[in-house]
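Visitor: Reassemble the complex: the two chains are provided individually, in unrelated frames, and hints are given to aid placement.
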Amino acid sequence: MEKQLYTISVYTENNLGLLNRIATIFLKRHVNIESLTVSSTEIEHVSRFIIVAYITEDEVKKIIKQIEKQIEVIKAFYHTNDEAIYLQSALFKVKSELLFEKRQIQNIIKKSNARIVTVNPEFFVLEKSGRKEEIEELYDGLAEYGIMQFVRSGRISVTKEEMKITELLEKELV
Amino acid sequence: METITKTKLPEKEVKQEFKKETTVKIQGSEAVVRSLIEEGADLIFGYPGGAIMPVYDEFYKVQDKIHHVLTRHEQGAIHAAQGFARSSGKVGVVIATSGPGATNLITGIADAQIDSTPLVCITGQVGSNLLGSDAFQETDVVSISTPVTKWNYQVTKASEIPAVIAKAFYIAKSGRPGPVLIDITKDAQFEEFDFSYKKCEKIRSYHPVPKMDPEKVKEAADMINKAKKPFVVFGQGVVLAQAEKEFKDFIEKADIPAASTLLGLSALPTDHNLNMGMVGMHGHYAPNVLTNECDVLIAIGMRFDDRVTGSLDTYAKQAKIIHFDIDPAEIDKNVKTDIAVLGTVKETLAELIPMIDKNKNQKWHQEFHDLRKIEYDRIIHPQTKPTQEKLTMGEVIAAVNEQTNGDAILVSDVGQNQMMTSRYGKFNTTKSKITSGGLGTMGFGLPAAMGAKLGRPDREVVAFIGDGGFQMTIQELGTIMQTKIPVKIVVLNNEFLGMVRQWQELFFDRRYASTVMTNPDFVKIVEGYGIKAQRVSKRENLKDAIADMIASEDAYFVEVIVEKEENVFPMIPSGASVSDVRLK
Ligand SMILES: Cc1ncc(C[n+]2csc(CCOP(=O)(O)OP(=O)(O)O)c2C)c(N)n1
Chain P
2 MEKQLYTISV YTENNLGLLN RIATIFLKRH VNIESLTVSS TEIEHVSRFI IVAYITEDEV
62 KKIIKQIEKQ IEVIKAFYHT NDEAIYLQSA LFKVKSELLF EKRQIQNIIK KSNARIVTVN
122 PEFFVLEKSG RKEEIEELYD GLAEYGIMQF VRSGRISVTK EEMKITELLE KELV
Chain X
16 METITKTKLP EKEVKQEFKK ETTVKIQGSE AVVRSLIEEG ADLIFGYPGG AIMPVYDEFY
76 KVQDKIHHVL TRHEQGAIHA AQGFARSSGK VGVVIATSGP GATNLITGIA DAQIDSTPLV
136 CITGQVGSNL LGSDAFQETD VVSISTPVTK WNYQVTKASE IPAVIAKAFY IAKSGRPGPV
196 LIDITKDAQF EEFDFSYKKC EKIRSYHPVP KMDPEKVKEA ADMINKAKKP FVVFGQGVVL
256 AQAEKEFKDF IEKADIPAAS TLLGLSALPT DHNLNMGMVG MHGHYAPNVL TNECDVLIAI
316 GMRFDDRVTG SLDTYAKQAK IIHFDIDPAE IDKNVKTDIA VLGTVKETLA ELIPMIDKNK
376 NQKWHQEFHD LRKIEYDRII HPQTKPTQEK LTMGEVIAAV NEQTNGDAIL VSDVGQNQMM
436 TSRYGKFNTT KSKITSGGLG TMGFGLPAAM GAKLGRPDRE VVAFIGDGGF QMTIQELGTI
496 MQTKIPVKIV VLNNEFLGMV RQWQELFFDR RYASTVMTNP DFVKIVEGYG IKAQRVSKRE
556 NLKDAIADMI ASEDAYFVEV IVEKEENVFP MIPSGASVSD VRLK
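Protein sequence lines, in the order shown, are assigned to chains P and X. Convert by adding 1 to the 1-based position in the first sequence; the result is the number in this note's numbering. Convert by adding 15 to the 1-based position in the second sequence; the result is the number in this note's numbering.
Rather than coming from a laboratory, the hints here were simulated on the basis of the structure. Heads up, a few of these hints could be off.
[Unchecked claim] Below are the EDC-like pairs computed for lysine to aspartate or glutamate, each with C-alpha atoms no more than 20 angstroms apart in a straight line:
{"hint": "1", "chain 1": "X", "residue 1": "Lys182", "chain 2": "P", "residue 2": "Glu73"}
{"hint": "2", "chain 1": "X", "residue 1": "Lys188", "chain 2": "X", "residue 2": "Asp342"}
{"hint": "3", "chain 1": "X", "residue 1": "Lys182", "chain 2": "P", "residue 2": "Glu14"}
{"hint": "4", "chain 1": "P", "residue 1": "Lys70", "chain 2": "X", "residue 2": "Asp342"}
{"hint": "5", "chain 1": "P", "residue 1": "Lys70", "chain 2": "X", "residue 2": "Asp320"}
{"hint": "6", "chain 1": "X", "residue 1": "Lys217", "chain 2": "P", "residue 2": "Glu14"}
{"hint": "7", "chain 1": "P", "residue 1": "Lys63", "chain 2": "X", "residue 2": "Asp524"}
{"hint": "8", "chain 1": "X", "residue 1": "Lys188", "chain 2": "P", "residue 2": "Glu73"}
{"hint": "9", "chain 1": "X", "residue 1": "Lys348", "chain 2": "P", "residue 2": "Glu3"}
{"hint": "10", "chain 1": "P", "residue 1": "Lys70", "chain 2": "X", "residue 2": "Glu216"}
{"hint": "11", "chain 1": "X", "residue 1": "Lys547", "chain 2": "X", "residue 2": "Glu568"}
{"hint": "12", "chain 1": "X", "residue 1": "Lys558", "chain 2": "X", "residue 2": "Glu568"}
{"hint": "13", "chain 1": "P", "residue 1": "Lys76", "chain 2": "X", "residue 2": "Asp342"}
{"hint": "14", "chain 1": "X", "residue 1": "Lys348", "chain 2": "P", "residue 2": "Asp59"}
{"hint": "15", "chain 1": "X", "residue 1": "Lys231", "chain 2": "X", "residue 2": "Asp321"}
{"hint": "16", "chain 1": "P", "residue 1": "Lys62", "chain 2": "X", "residue 2": "Asp320"}
{"hint": "17", "chain 1": "P", "residue 1": "Lys63", "chain 2": "X", "residue 2": "Asp320"}
{"hint": "18", "chain 1": "X", "residue 1": "Lys332", "chain 2": "P", "residue 2": "Glu14"}
{"hint": "19", "chain 1": "P", "residue 1": "Lys63", "chain 2": "X", "residue 2": "Asp321"}
{"hint": "20", "chain 1": "P", "residue 1": "Lys66", "chain 2": "X", "residue 2": "Asp353"}
{"hint": "21", "chain 1": "P", "residue 1": "Lys63", "chain 2": "X", "residue 2": "Asp270"}
{"hint": "22", "chain 1": "X", "residue 1": "Lys348", "chain 2": "P", "residue 2": "Glu58"}
{"hint": "23", "chain 1": "X", "residue 1": "Lys348", "chain 2": "P", "residue 2": "Glu60"}
{"hint": "24", "chain 1": "X", "residue 1": "Lys375", "chain 2": "X", "residue 2": "Glu362"}
{"hint": "25", "chain 1": "P", "residue 1": "Lys70", "chain 2": "X", "residue 2": "Asp347"}
{"hint": "26", "chain 1": "P", "residue 1": "Lys29", "chain 2": "X", "residue 2": "Asp321"}
{"hint": "27", "chain 1": "X", "residue 1": "Lys226", "chain 2": "P", "residue 2": "Glu73"}
[To be verified] Using C-beta positions, here's what the derived DEER-type ranges look like:
{"hint": "28", "chain 1": "P", "residue 1": "Lys62", "chain 2": "X", "residue 2": "Thr118", "range": "28 to 36 angstroms"}
{"hint": "29", "chain 1": "P", "residue 1": "Val126", "chain 2": "X", "residue 2": "Thr118", "range": "29 to 37 angstroms"}
{"hint": "30", "chain 1": "P", "residue 1": "Glu128", "chain 2": "X", "residue 2": "Ser158", "range": "33 to 41 angstroms"}
{"hint": "31", "chain 1": "X", "residue 1": "Lys351", "chain 2": "P", "residue 2": "His31", "range": "19 to 27 angstroms"}
{"hint": "32", "chain 1": "P", "residue 1": "Asn21", "chain 2": "X", "residue 2": "Leu521", "range": "18 to 26 angstroms"}
{"hint": "33", "chain 1": "P", "residue 1": "Glu98", "chain 2": "X", "residue 2": "Thr118", "range": "51 to 59 angstroms"}
{"hint": "34", "chain 1": "X", "residue 1": "Asp228", "chain 2": "P", "residue 2": "Lys29", "range": "26 to 34 angstroms"}
{"hint": "35", "chain 1": "P", "residue 1": "Asn21", "chain 2": "X", "residue 2": "His82", "range": "29 to 37 angstroms"}
{"hint": "36", "chain 1": "X", "residue 1": "Asp372", "chain 2": "P", "residue 2": "Ser40", "range": "52 to 60 angstroms"}
{"hint": "37", "chain 1": "P", "residue 1": "Asn15", "chain 2": "X", "residue 2": "Asp524", "range": "56 to 64 angstroms"}
{"hint": "38", "chain 1": "X", "residue 1": "Glu568", "chain 2": "P", "residue 2": "Asn15", "range": "52 to 60 angstroms"}
{"hint": "39", "chain 1": "X", "residue 1": "Ser158", "chain 2": "P", "residue 2": "Asn15", "range": "51 to 59 angstroms"}
{"hint": "40", "chain 1": "P", "residue 1": "Glu43", "chain 2": "X", "residue 2": "Lys217", "range": "37 to 45 angstroms"}
Every residue, glycine too, gets a C-beta built ideally from N, C-alpha and C.
Here chain X stands alone, though its shape is the one from the complex (with noise of 0.2 angstroms):
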């Protein structure tokens, strides 16, 4: 049973006589509210618990402003606040109680960390009395999360609360953008004290976009202009810079092949002529073998991380690497650079376009092309137009994409559903893919897309998600009744967590332990939480299916009973060099 400290609180006039001044005397709940508010949250996720009740209640008082979120679990509203903040741009909000609320957040703080997501995070705590005393429900938040936060802080003074929120919202979206951790002590939301708000524009400490230097953008001008071969990788440093129409100017200008990373997805339409598709262990043969062929790669707002580059040891070793990019930490990180410019992609990429002429060396785009046909007859025409009985996840997403004309935003979980929505989805505008790429979180897909439509109420969101992926966070089918989230889910399911089964198969003999799934009728799950729902098993069904599915103005589930041993290639094995790409 929760026990609530008992704590004297000041009568209902005495507090209203304080308003009345002009220092405002209120407690530190309210002062938590008022801050939100200051900083333009007016859509939080949460769950509520004995240490954040004093702030639940100041919620109830300003239900007009801020509209709180109920999610059914504290991972729901966090990969809610994710898909909420990638889709807006904006900061997503996340409160919940101390300890077990605390620790169910951890997994999305560590999501937000690696793939950069502005996220403010509150959490009650116990009493400051009680800190270090193995208290009920009091966990040590702040030092479980250090390594998976940009900023973490413990309050336990009511008066240290505006300028704490001011300065998290200000971390949280400068810069690289990342999750921070505001734990509050119960003490501290009750005490009182005078209030007032100033937004935070500056840490002494803290450079978040470091200086350009015009020289180095001038050098990198010159390696691109005088390259055979230059290709370019771009990754989610475009998009959180707001940079997507300088780099199309970029390699428009200059004339170049562009390759995104699987978080850059959608940073440049996919029919963009000079869109190479994904690189990566599951992206696209052209990109992924040319990258060993190219004399100048151009690497923008992207980490090299391990799953882009394969093994470091054959990676571009032929060619010259330049890296823009914010962060000078990932600067020779994984790959050895030979210009690095620092910056918002956005200003370099401006300082960097009118110095820079066009490739001529057609011969190089047909290489790309040539490339691109193999894999078109090999692998995409069979997966997207498929003879076999058995319907493919490819020719769902494809249907998807007729449907929406690549205007939704498509929102994946992790696995092959992840993998072949990157590879299949079109997108026409940029924060149209979100995904958990750095992390691989199984169970982002669903909260994510609910937070991802409630960010853009304007938008189309469909979610893909594996069967085993949907078990990991189904509960939040309750929030999408309760909140009325019109968002649409589709369910590709081949009873097997499909992605180690995958591996099992080409790595493992084929010992397929503990991947096989005995799954319930989610039809009838989902219709138990009043959402619309059907299921598809057969190619002349799907489109209907698919045509109803997003006509609904309500949120609208399809389960695609999909062929049970699909793989999804091109692939690099891990540890592979990326010119060793798979095609089967």
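Only chain P is shown next, with the shape it has when bound in the complex (with noise of 0.2 angstroms):
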């Protein structure tokens, strides 16, 4: 079976914990987790971790019923790249000097519609939101002038299907 990136979106009760508890089932298995990301939902006292893995359709489907054993989770799903709408973020920090000094700088922060968040006589820092592969190009773009420094966060997704995911939850929460 081939491996690909899966998206693994899990519903869980805010405790203390999970995270370990989460972590473990990945790494148990040796899988790498690409990317994580916690966050609070629409619902409260509910979490929501969003996994990136690069694994098998197999090997999903077992972590996903892993998952959902623990006694706080609520649901977990999978999708691939092409049944979510995902996005990652990334800020750069680059000498303020170079802005006004190579023209080229300012045709690729253009072309890529990223964003400036902060100027100073030191350095500005650009906010660029978008696939991996756009953040990638920005900063191919972008380290032939030199980058100060570079963060990038981990995926968030929604998925392109309805998921009915309140719905579902309040049934599952009375």
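Guide: Shown next, in the form of structure tokens:
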């Protein structure tokens, strides 16, 4: 079976220790987590984990079952890249002098649809949200001139298909 | 030296006054004890220490309600609780202090997790103001135990105690059972709060029993009815669901040969005409070989462990697979199923039985009996009625069967003694075979036997242990002495770490690296603990020694000097196919 990137979304009770429990399930199978984001959801006291891993469908199914087995997990889903709308955010810190000295930089910024978050005499900060490839493209463009700092967030995603998650959770939570 | 944090205790009088009121203000430590009483935990196992002393102080006051068994090591406490849970069907309760007390529980927790044994473990923890400071006897037991618990939780406020304990018992015993751990900081044990108790019946994110799908049961029935060579493999799920009767009714109505996993043993009487023995690495010849001949394999409450399946690439590839289980995560985990029937096997089998027709293929039954005969002639007969000079493990177990008529609970440790007990032990009733299955924990046997006896004082409990495993938890002889637990112990002494030696003989050219044991005088040691003991090295003395042991009202120890280099056969070498099971 072929490996691909899967986005795993997990709805859980907002409890200390669950991060550890969920991470262990990946660790135990020697599966590397490409990115992980934990956030609150539209429902009170419910957290959402978004985990990206490069695995086979067989593996992702088994992992989902192990995650759902945890007492405080409400529901877990997996999606392929085609089935989800997803993006990551990145911040780039670049020397301010470059912005004025190198015309190309301005073109790169314009072309990439990146947003300037702040500018001061020493440096400026760019924010770019999008797919990993778009962020990488911007990175490659800027790298030539020197990047002072770079950080990229984990993936966040919503599904294309209507998941009726709120209804489902309401049913689960009665 | 242990330093005990001094916390100001309220005056006695003040406490009494509070008790008169309707809402009772009590300390967290008392709440722990009251919660245990509410859950019906009247027998618990443990070992005290600084961070759990307030709770022990409360045990002191309720000795009429809770019997606390002081073991000699926390590992002994948890294995005893496992034995208790497995013989009685109740939740085992263990209590220990922080740091080393808590880490000494980990082996048993892992064992209970993999063997689905319901346990509630309570550990003391340093005060919450010290958490994360590397305080004396601080270990992050919640993190350490996360991968091996069904659930765990750290309590830092006394007011959480009743609800957390209620939740712990509910989680431990519901659905697929397992161990839970509650870590309670010392300040939470001293803190006062208004106590009231309510049992937990529901957790909104937790669905212990998946809903049965009657359609799936019907599909399964159709497939079973159409099968020419159906074969049942059953596991501990039958015992945990208390579905022994439904299971027997099912196989009898369908007339299907059945074989057990290691932990399924005794769910069906050994002598039942459809019981074909045990599957797996050292299981019986017929069920292993015919796993790869059947056309429908019906797995009931089992998890296709690698010790059962051997190589998955060649496991029952010709067969359709039907899997009855309570745990959705077990479906397709190791073996792809054609039909999965979720739910407790008690419920799903009850639904299945009315739809089942009798299988009429007597030739299929004959295939089992033919292979059985081969195994009997080549292995079972020579091992249980030997003519060689030295005693064999098989004949010792046979001698115990004879004295107990198969009514005893047989506990085994791990290794050759375990496999021989599983192969030759006779079981008439359920919950009669207690052993460490999934983890294979040496040292399990002696403490588990104590717990099993305390869980079922009405039953005879006999432990079979190797000379290696006996020395892993030998200190529990002290518990047997102090608590006067009339458990019967048979050490099968081959002066080797026998099972490892067997592998060295078969796969490492007899290079016996670190498996030779120079042993002490076990009889003297046991007698030192005030327990009656004798040693047997000659066949003519075996029967009487076993008879003395069974007749004894008190604990009794028999050491049997057995053949040093006996092997357990049949054997499926690891990674081989079940049908490549070796007879020698
Ligand atoms: C705690 C632990 N350590 C190591 C092992 C590996 N092991 C499995 S069987 C065995 C030998 C057991 O020897 P003994 O207790 O004398 O029993 P015998 O096999 O001779 O019956 C060993 C070392 C184990 N199962 N558990």
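Visitor: If a hint holds in the structure, say so; if it does not, say that too.
Guide: Hints versus structure:
Proximity of X/Lys182 to P/Glu73 is assessed by CA-CA distance (about 12 angstroms); at most 20 angstroms being required, the pair is judged to hold. A hinted pair counts as satisfied when its Cα atoms are at most 20 angstroms apart, and X/Lys188 with X/Asp342 qualifies at roughly 14 angstroms. Straight-line distance between C-alpha atoms of X/Lys182 and P/Glu14 comes to about 15 angstroms, which keeps the hinted pair within the 20 angstroms bound. For the suggested pair P/Lys70 and X/Asp342, the alpha carbons sit about 8 angstroms apart, so the restraint of at most 20 angstroms is met.
For the given pair, P/Lys70 sits about 19 angstroms from X/Asp320 by alpha-carbon distance, which is consistent with the 20 angstroms threshold. With a C-alpha separation of about 14 angstroms, the suggested pairing of X/Lys217 with P/Glu14 holds against the 20 angstroms cut-off. Among the hinted pairs, P/Lys63 with X/Asp524 is inconsistent with the structure: their alpha-carbon atoms are about 39 angstroms apart, more than 20 angstroms. A hinted pair counts as satisfied when its Cα atoms are at most 20 angstroms apart, and X/Lys188 with P/Glu73 qualifies at roughly 16 angstroms.
Between the alpha carbons of X/Lys348 and P/Glu3 the distance comes to roughly 18 angstroms, so the proposed pair stays at or under 20 angstroms and holds. Restraint check: the Cα-Cα separation between P/Lys70 and X/Glu216 comes to about 18 angstroms, which is no more than 20 angstroms; the hinted pair holds. Our distance criterion of 20 angstroms between C-alpha atoms is met by X/Lys547 and X/Glu568, whose separation comes to about 11 angstroms. Of the pairs offered as hints, the one joining X/Lys558 and X/Glu568 holds, with about 18 angstroms between alpha carbons and a cut-off of 20 angstroms not exceeded.
Proposed proximity of P/Lys76 and X/Asp342 is supported: the alpha carbons are some 15 angstroms apart, at most 20 angstroms. Taking the CA atoms of X/Lys348 and P/Asp59, the gap is about 9 angstroms. The hint holds against a cut of 20 angstroms. Taking the CA atoms of X/Lys231 and X/Asp321, the gap is near 26 angstroms; set against the 20 angstroms cutoff, the hint is violated. For the proposed pair P/Lys62 and X/Asp320, the alpha carbon gap of about 19 angstroms is at most 20 angstroms, so the pair holds.
For the hint linking P/Lys63 to X/Asp320, the alpha-carbon distance of about 16 angstroms falls within 20 angstroms, and the restraint holds. Of the pairs offered as hints, the one joining X/Lys332 and P/Glu14 is violated, with about 41 angstroms between alpha carbons and a cut-off of 20 angstroms exceeded. Proposed proximity of P/Lys63 and X/Asp321 is supported: the alpha carbons are some 17 angstroms apart, at most 20 angstroms. For the hint pairing P/Lys66 with X/Asp353, the CA-to-CA distance comes to about 18 angstroms; that is within 20 angstroms, so the pair holds.
Between P/Lys63 and X/Asp270 the CA atoms are separated by roughly 34 angstroms; this puts the pair beyond 20 angstroms, and the hint is violated. A distance of roughly 13 angstroms separates the Cα atoms of X/Lys348 and P/Glu58; the hinted pair therefore holds under the 20 angstroms criterion. At roughly 9 angstroms between alpha-carbon atoms, X/Lys348 and P/Glu60 fall within 20 angstroms of each other, so this suggested pair holds. Proximity of X/Lys375 to X/Glu362 is assessed by CA-CA distance (about 26 angstroms); at most 20 angstroms being required, the pair is judged violated.
A threshold of 20 angstroms between alpha carbons decides the hint, and for P/Lys70 with X/Asp347 the separation of about 15 angstroms falls inside it, so the pair holds. A distance of roughly 17 angstroms separates the Cα atoms of P/Lys29 and X/Asp321; the hinted pair therefore holds under the 20 angstroms criterion. Only pairs whose Cα atoms come within 20 angstroms are accepted, and X/Lys226 paired with P/Glu73 is accepted, the gap being roughly 19 angstroms. Separated by about 34 angstroms at the C-beta atoms, P/Lys62 and X/Thr118 satisfy the suggested range of 28 to 36 angstroms.
Evaluation of the 29 to 37 angstroms hint for P/Val126 and X/Thr118 yields a failure: the beta carbon distance comes to about 47 angstroms. Distance hint for P/Glu128 and X/Ser158: a CB-CB separation of about 35 angstroms, consistent with the stated range 33 to 41 angstroms. Between X/Lys351 and P/His31 the CB atoms are about 22 angstroms apart, so this pair conforms to the stated range of 19 to 27 angstroms. The given range of 18 to 26 angstroms is broken by P/Asn21 and X/Leu521, whose C-beta atoms sit roughly 41 angstroms from each other.
In this structure the supplied range 51 to 59 angstroms holds for P/Glu98 paired with X/Thr118, their Cβ-Cβ distance being about 57 angstroms. Between X/Asp228 and P/Lys29 the C-beta distance comes to about 30 angstroms, which sits within the given range of 26 to 34 angstroms. The given range of 29 to 37 angstroms is respected by P/Asn21 and X/His82, whose C-beta atoms sit roughly 35 angstroms from each other. Distance hint check: the CB atoms of X/Asp372 and P/Ser40 are about 55 angstroms apart, consistent with the given range 52 to 60 angstroms.
In this structure the hint that P/Asn15 and X/Asp524 lie 56 to 64 angstroms apart at CB holds, the actual value being about 58 angstroms. A C-beta distance of roughly 56 angstroms is found between X/Glu568 and P/Asn15, which places it inside the suggested range of 52 to 60 angstroms. Separated by about 19 angstroms at the C-beta atoms, X/Ser158 and P/Asn15 break the suggested range of 51 to 59 angstroms. A hinted range of 37 to 45 angstroms is violated for the C-beta pair P/Glu43 and X/Lys217, which are about 24 angstroms apart.
This entry does not satisfy hints 7, 15, 18, 21, 24, 29, 32, 39 and 40, going by the numbered hints stated previously.
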